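Student: In order, the protein sequence lines correspond to chains C and P.
Once you know that position 100 of the first sequence is 100 in this note's numbering, the rest is easy, because the numbers rise by one and skip nothing.
Once you know that position 172 of the second sequence is 1172 in this note's numbering, the rest is easy, because the numbers rise by one and skip nothing.
If you're looking for bench data, these hints aren't it; they were derived computationally from the structure.
Don't take each hint at face value.
Under 8 Å between C-beta atoms, here's a sample of chain C residues computed to sit facing chain P [what the hints assert, rightly or not]:
#1 Val16
#2 Glu17
#3 Lys158
#4 Lys161
#5 Arg162
#6 Gln165
#7 Gly167
#8 Arg344
#9 Pro345
#10 His347
#11 Phe348
#12 Gly349
#13 His350
Dumping the calculated DSSO-like pairs for lysine-lysine here, alpha-carbon to alpha-carbon at most 30 Å [claimed, not checked]:
#14 Lys384/C x Lys373/C
#15 Lys373/C x Lys1222/P
#16 Lys1222/P x Lys161/C
Have a look at the derived ranges for each label pair, beta carbon to beta carbon [unchecked claim]:
#17 Asp1227/P x Ala243/C: 47 to 57 Å
#18 Ala1059/P x Gln376/C: 36 to 46 Å
#19 Gln1116/P x Thr77/C: 42 to 52 Å
None of the values given here were measured: they were computed from a predicted structure.
Even glycine gets a Cβ: it sits at the ideal position worked out from N, Cα and C.
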Amino acid sequence: MRIVEATLFALQIPFVEAFAHSVRSRSSSDSIVVRLRAEDGTVGYGEAVARPYVTGETVAGCLQFMERTLWPAVQATDYVPWAGQEEIAWLGSLTLPAEANETSGVVAWHGSRCGFELALVDCLLKAAGVSLGELLPPRHPVTYSGVITASSVEGAVKHAKRFKQFGLPYLKVKITGEADQERLAAIRAAVGPAVSLRVDGNGAYSVEGAIATCEALAEFHIDSAEQMIPRGDPQALATVQAATAISQMADESLITLADAQTLIAAKACRGFNLRLAKCGGLGPTLAIAELAQAAGIAVQVGCQVGETAILSAAGRHLAAYLPEISFCEGSYGSLLLREDLSRRPIHFGHRGLAKPLKGPGLGVEIQDALLEKYAQQTISLLAKAV
Amino acid sequence: MITLSIRPLIETHYVNQVQVFADSPWFQHLEQGQASRQEYDAFIFNLCQTHLKSPQILAFLYAVAPPTAAPQIKHNLLEELGLDQVAICHPDLLYQLATAAGFDGDRQTHLAEAAQAQIRQLCTDPLLFGTIQELGLSVLLEVTCFEWMLSRLASRIGKALAAHRGLPSESLTWFHHHSEVDIRHAEEGLDSVEQYLAYYEIEAEDLETILDITFRENIFVKRYFADLPAIAGAADENR
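Just chain P, same shape as in the assembly:
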């Protein structure tokens, strides 16, 4: 059972993940306009692939959420699907981005298949954890860490794509949306993690190990830049 405040511990991991990402050579390259059009498009593809299936991931988290956290996760899920009052379906925003970047029908189909393949891989990978409780915590930590990052960097990424890839503002709504909404989500995400830990009575030592396992790589570099070639100074960016 967690007795000490775990928020600072988790925040330290999130801060470190975001810092390493923001300092990574590829992030700098993209933000400073040094990437080629193909490299911007590879980044856009990877970003869309990462987030297209967010509703499915949130649905999984909703299924394993403790009663105290379930309403918030359900709200996020409905928001992702555009079924809340704002009624903006987030995957549609990602397709708007892809369309503005000139992805034709074939490439958008490939994008959808690639996103689905990631879900398939999640299901077919041999499970290292002994229970769904541990897997759920690891997924929750990664999802809330993404929200944390987007609340701090989505606006910068959107501006870089407008300035250096020439994408119109209306195609960048996903970034505008996440930079505003995820400031709230990021805080609520930490609440959800605390509620999850309390509900499943997860020991502090186990949390530390699962944090270590979840964040042993930089999750943003891994998701967004995996297939981009190594560039100078990138040797340890994935730590």
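If we strip away everything but chain C, and leave its shape as in the complex, we get:
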């Protein structure tokens, strides 16, 4: 099956409230939605998220890479619909380049690739009348965590109380190196002893600072510490892991399959945070998950702040399919976005529980009117006549 048209929507959807971590604060979503139309008229949607401080991609860079590299590759391919093939092999057959040249400042074009891969998966599965849940059958229910922004301690406590009211059993707290103990003490006091807490430093600490912070926060019963030090030498992360009892979770350090192999070899951490837009889509993310499972590394399914229902849907399928996950994030939908793109809400319910998505493709019905409404830039690409 051939893809005959692509439309790229660079969106800006306002948040209900700003979200901050140690690297930046944002008040709107800047996702890029990829809409593909196949020769039979079937339409599929994917989502890319550009994070300069993670993969090195910018929105403008993603749009350019999509237009100049991904779209020519897609329009030149005659895709084989899924008909029961092994999942990683079929996803791998979608042949989407993501390699970055060394001078671009990009680690890998994974956000861009993810946008096209999800749109292809959605389109090809819809054309076959198949749900992604058939390709990746759910193994267990999904329970989402709340994520507490790095705002003031008072604001963080307010968030924690909201999540407690919603019955969420797991919370992740963004930390910055300022008032960490005060923040964790206040949040622990607000949510009580039964709620699982973990922290995320977004690379804000030195090796020594990370070790000292983990020691200082241990009294609050922290289940994992995510990306305390910047992406770089896996040995440095291994030093942190060796010095603290708290499980270290690699996030920005884990973008490519090669990163995963290096982290495992260095015994750098006990957990991987898998995010689709960071790891390049479903195929590469599943490959990393396989490696992690074989090495006894725990996996968490993470998300992008401000992602829409498209990435959330794909993340839910992934989280339900993986044999075992430690935590799951995402599906905040209209809890964070002023309007989400799907006709039916994607967000989780009480206790963070969410149902599997059963509709064709990714299982969400995207409202084109909202794409038009929030698009800051739209690029239409038509296949060249053969």
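Put chain P on the given structure of chain C with help from the hints.
Tutor: Chain P alone, transformed into the frame defined by chain C:
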């Protein structure tokens, strides 16, 4: 159990919500005659959509109301339906407004469907609260906050629509009605909230959290202006 007076706490939230709404760029735009005809009509559509299903929402609140608050909510419900002594059906007043604004049959049908869709969404959204008691409180706070706002701003909105959209006075009865009636409703609404809190023995801390959740966005901007384009100075209006 609430032991301290919670009225001032709730009133503070209501006052803040109304202030942010009245100061919002779109409210100023509409009141000062700076909006286009299409923008006034979009506002009228959103307002009608928001309030057309008020009887259904009040019926829900009547179902969960404590015995002390139930008579008042029942009275409001009958009033909305025009089944009290005044006998003015409020949804009919909204259709009068829509007709005066030139909404044809198709657009009025679309309006009715949009209002129904909001009820459907309320029912199909995954429920974040663990009990109906908490959901009921959140809905009660939003409804009484609307009454609070209308008692203070309905007259100004009605005058703006007359002056700048050219709507005749008889089509603006809904605004006249709410500016008078809701002064009483607003006070009674606060009584209902207090009775609800006492009956369900809701802790002060939980009330504060539910207030925070209910009013984390400006509910009026969200309902009335959601599909209007952002205008200068509107970046934080939704807080």
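Student: Determine for every hint whether it applies to the structure shown.
Tutor: Status of the hints after comparison with the structure:
| no. | hint | result |
| --- | --- | --- |
| 1 | Val16 | holds, 5 Å |
| 2 | Glu17 | holds, 6 Å |
| 3 | Lys158 | holds, 6 Å |
| 4 | Lys161 | holds, 5 Å |
| 5 | Arg162 | holds, 6 Å |
| 6 | Gln165 | holds, 5 Å |
| 7 | Gly167 | holds, 5 Å |
| 8 | Arg344 | holds, 7 Å |
| 9 | Pro345 | holds, 5 Å |
| 10 | His347 | holds, 6 Å |
| 11 | Phe348 | holds, 6 Å |
| 12 | Gly349 | holds, 3 Å |
| 13 | His350 | holds, 5 Å |
| 14 | Lys384/C x Lys373/C | holds, 28 Å |
| 15 | Lys373/C x Lys1222/P | holds, 16 Å |
| 16 | Lys1222/P x Lys161/C | holds, 23 Å |
| 17 | Asp1227/P x Ala243/C: 47 to 57 Å | holds, 54 Å |
| 18 | Ala1059/P x Gln376/C: 36 to 46 Å | holds, 42 Å |
| 19 | Gln1116/P x Thr77/C: 42 to 52 Å | holds, 44 Å |
Going through the hint list in order, the structure satisfies each hint without exception.
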